[in-house]
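Enquirer: In case you want the letters, here they are:
Protein chains: 2
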Amino acid sequence: MTSGSSFLLAARQCEIAELEDLAQTGELVGAIGRFVHALQRERGLSNVFLSSHGSRFGEQRAQQVADCRQAEQQVRAQFDRLDTASSRVRNGARLFSRVAVVLHGLDGLPQLRDRVAARQLTTREATAAFVRLIAGLLAVVFEAADSATDPEVSRALVAMFNFMQGKEFAGQERAFGAGAFAAGGIDGAGQQQWRHLVDSQQACFQVFSEFAGPEVLRVDQAGRDATLLAEVERMRRMACAGRPGALDANLSQPWYELSTRRIDAMRAVEDVLALHLRHLCEARIAQARSELRDQRAMLQALASGAAYPEAEPATAYGPHLERSLLGMLQEQSRRLQAMGDELDAVRATLNERKAVERAKGLLMAHRQMSEDEAYKALRRMAMNQNRRLVDVAEAVLSLAEVLPGRR
Amino acid sequence: MTSGSSFLLAARQCEIAELEDLAQTGELVGAIGRFVHALQRERGLSNVFLSSHGSRFGEQRAQQVADCRQAEQQVRAQFDRLDTASSRVRNGARLFSRVAVVLHGLDGLPQLRDRVAARQLTTREATAAFVRLIAGLLAVVFEAADSATDPEVSRALVAMFNFMQGKEFAGQERAFGAGAFAAGGIDGAGQQQWRHLVDSQQACFQVFSEFAGPEVLRVDQAGRDATLLAEVERMRRMACAGRPGALDANLSQPWYELSTRRIDAMRAVEDVLALHLRHLCEARIAQARSELRDQRAMLQALASGAAYPEAEPATAYGPHLERSLLGMLQEQSRRLQAMGDELDAVRATLNERKAVERAKGLLMAHRQMSEDEAYKALRRMAMNQNRRLVDVAEAVLSLAEVLPGRR
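Protein chains in written order, with the numbering used here: chain A, 2 to 408; chain B, 2 to 408.
Just so you know, these hints were derived from the structure itself, not from any lab.
Hints are supplied without guarantee of correctness; some may be wrong.
Note: identical chains are not told apart, hence a pair may lie in one copy or across any two.
[As the list claims (entries may be wrong)] Straight-line distance between alpha carbons at most 16 angstroms, and here's what the computed EDC-like set of lysine to aspartate or glutamate pairs gives:
{"hint": "1", "residue 1": "Lys355", "residue 2": "Asp342"}
{"hint": "2", "residue 1": "Lys355", "residue 2": "Asp345"}
{"hint": "3", "residue 1": "Lys355", "residue 2": "Asp115"}
{"hint": "4", "residue 1": "Lys355", "residue 2": "Glu395"}
{"hint": "5", "residue 1": "Lys377", "residue 2": "Glu292"}
{"hint": "6", "residue 1": "Lys377", "residue 2": "Asp392"}
{"hint": "7", "residue 1": "Lys355", "residue 2": "Asp392"}
{"hint": "8", "residue 1": "Lys355", "residue 2": "Asp147"}
{"hint": "9", "residue 1": "Lys377", "residue 2": "Asp226"}
{"hint": "10", "residue 1": "Lys355", "residue 2": "Glu21"}
{"hint": "11", "residue 1": "Lys377", "residue 2": "Glu60"}
{"hint": "12", "residue 1": "Lys355", "residue 2": "Glu372"}
{"hint": "13", "residue 1": "Lys377", "residue 2": "Glu358"}
{"hint": "14", "residue 1": "Lys355", "residue 2": "Glu343"}
Extracted from the complex, chain A is given alone in its bound form:
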């Protein structure tokens, strides 16, 4: 075989290796989805436990902590499978940094739980700690989606990331709403924040529905209980549509249970997404392997001078090795180019999130804000101007040039 052919085969082997890495990434993302769900429940139960001064959900909370620990072990096992020794993991620098942040957060989790159990934290403080940890886990999923090199898999990961992020906004809405009802009233700022959580969910689910395959969307549709959704909307309207004012404190628990049913239904969709991702990777790997086999057989036959007397017209290669190899090279280049183009298109949606991150960084550097303050400032601007977060972020970034310089 010529050296050109061996590079052609090596290129295909790289594609297979990338797909195998993606299959492993898919398992990591699946484990993160289960763990995030457990943490969201723990956050909700802790919330009610704290706001009821320890009188409610004490036992359920303890049970949920046990569930959480189990899900955490699975995520840790997936982290351990990441090949930190090789230094050749795709997007390794960013991915490992995100994992380090998560592990650091996990190390602090036992202490957080002790303080919740001892009621040494406010509801707001406990919620913020869980929100941070979950954001760290979602950032790992984001890096995984951003490093995928296969457009179909990347598409599935983008759908998954957005669904998980949307579900997290739903979780935050559950906690926020439960708190507002329990407090017996809501002010204008509270209403705005609630509406913002609803809008954020919708934006995420919109991207999800653009990127998820029809088989996933069908499950998502089937899982939507119209009665449940109507009830959620009714309670949202009760709290947000009218003037700020009193709310019936007795509605805190019904709201919490309603939201929980909705979020649990989302969890089922996540499982389908994870399964779909796994099947997709398996199918793409099988396909790439079979193409590699064909390619290798053809190159060997060509190298040994064998003709294909009975080959069908479409696959018939003439006696000229030179011409056939050229055809294979051109086909491969065209295919890789088409994949690259499609990948660029899929990734464009990830750039919206990057713009928000970048704007946050800018505010942190130039206004000496913490990450949390920067995010809140952006969100406040978005709410006040009634614009999407990404649009506000881009407006902030366009101001970067007039801000005092700092490299």
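Following the hints, put chain B in place on chain A, whose structure we already have.
Expert: Relative to chain A, chain B alone:
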């Protein structure tokens, strides 16, 4: 040490491994630069040899072929250093495919030379074969630039790619001009094509000067002989500025020699670029290694509970491991994010070339054109409409939606 810290260190090790890969890529790019230069000379000599019916440059051509073979061996040695067995080479699928195309072209080189020696090819055919081979080599450089993960190195590679591409347009101009003078006249289409070669060079050198560091630009400026440039401009004007018509055939050789002096001066700049790239990689690797050492020492000290009583305020870490580690994590995240943003900005210029490639692919698919025909069609549109190639490409792409579909 905590597992969080070990991921933090692993992230840094990934960065170092990426930089080491880039250093090797730099050597490959350097070898390609030398080989392309040798091929450009061989193309020029073969051109004159063929157009003089074998009466001129026969000996120089034979000598140049020997030089070319040597430069080719160095490129092949660099290709052999690529780790095709690991399947984990960054951007491996695309890079290896480009290499396969080049190796295929190199396999055909002896036959091409035999046919030139036997004068079985027209000047145009021989030129086209060399242009294709050089385009394949430059595509390898492009993939190398596109896969760089360090913004500074990426910047240097973008400068280098554009310089090499500009020099190749200068080489094509040399051949085209020599042919036009030798033919004793030029028509309107010929003048347009010549002007287009000049514009293409300028566009490349413009990008180069935006991305090259001041030390490289200084050498580039110093290497520009004003008398030589003025003479090049005078001869260009003679051929292109007036009405189409007769040219003095005796000017073919002076034009050829003048262009050769200009192109040889460019070769010297390429060497400086390659050297700069090597130094840059070495400096970045040394810096990353030293930061890794510091980070590891600090984490170990923190883990063993040691304080830094004499540390300076800026680097002082309090007694709380928890807080210090968090600071390191945040610093690393911020740094990686800034690098990612800068990298995106550098890569944007590479997307212009991708647009041209994509438009070519579109024409090939929908108009059943060969790659060469598609490129010529785009160039013709650019010339006729007096627009940049990338603008024409983007116009073609925006028509994609109304063209009959084909996935």
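Enquirer: It remains to establish, for every hint, whether it holds in the given structure.
Expert: Structure-based check of all given hints:
1. Lys355 with Asp342: between (20 angstroms within a copy, 9 angstroms between copies)
2. Lys355 with Asp345: This pair counts as both: shortest intra-copy Cα distance 15 angstroms, inter-copy 11 angstroms.
3. Lys355 with Asp115: neither (35 angstroms within a copy, 55 angstroms between copies)
4. Lys355 with Glu395: The answer is within: 10 angstroms in one copy meets 16 angstroms, while 25 angstroms across copies does not.
5. Lys377 with Glu292: neither (50 angstroms within a copy, 33 angstroms between copies)
6. Lys377 with Asp392: Cα proximity of Lys377 and Asp392: one copy only (15 angstroms, versus 41 angstroms across).
7. Lys355 with Asp392: within (12 angstroms within a copy, 27 angstroms between copies)
8. Lys355 with Asp147: Cα proximity of Lys355 and Asp147: one copy only (10 angstroms, versus 20 angstroms across).
9. Lys377 with Asp226: Neither. Shortest intra-copy (33 angstroms) and inter-copy (58 angstroms) distances fail the 16 angstroms Cα cut-off.
10. Lys355 with Glu21: Neither way: Lys355 and Glu21 sit 26 angstroms apart in one copy and 27 angstroms across, limit 16 angstroms.
11. Lys377 with Glu60: Intra 34 angstroms, inter 75 angstroms, cutoff 16 angstroms: neither.
12. Lys355 with Glu372: within (14 angstroms within a copy, 36 angstroms between copies)
13. Lys377 with Glu358: Classified as within: same-chain Cα gap 12 angstroms, cross-chain 43 angstroms, threshold 16 angstroms.
14. Lys355 with Glu343: between (19 angstroms within a copy, 12 angstroms between copies)
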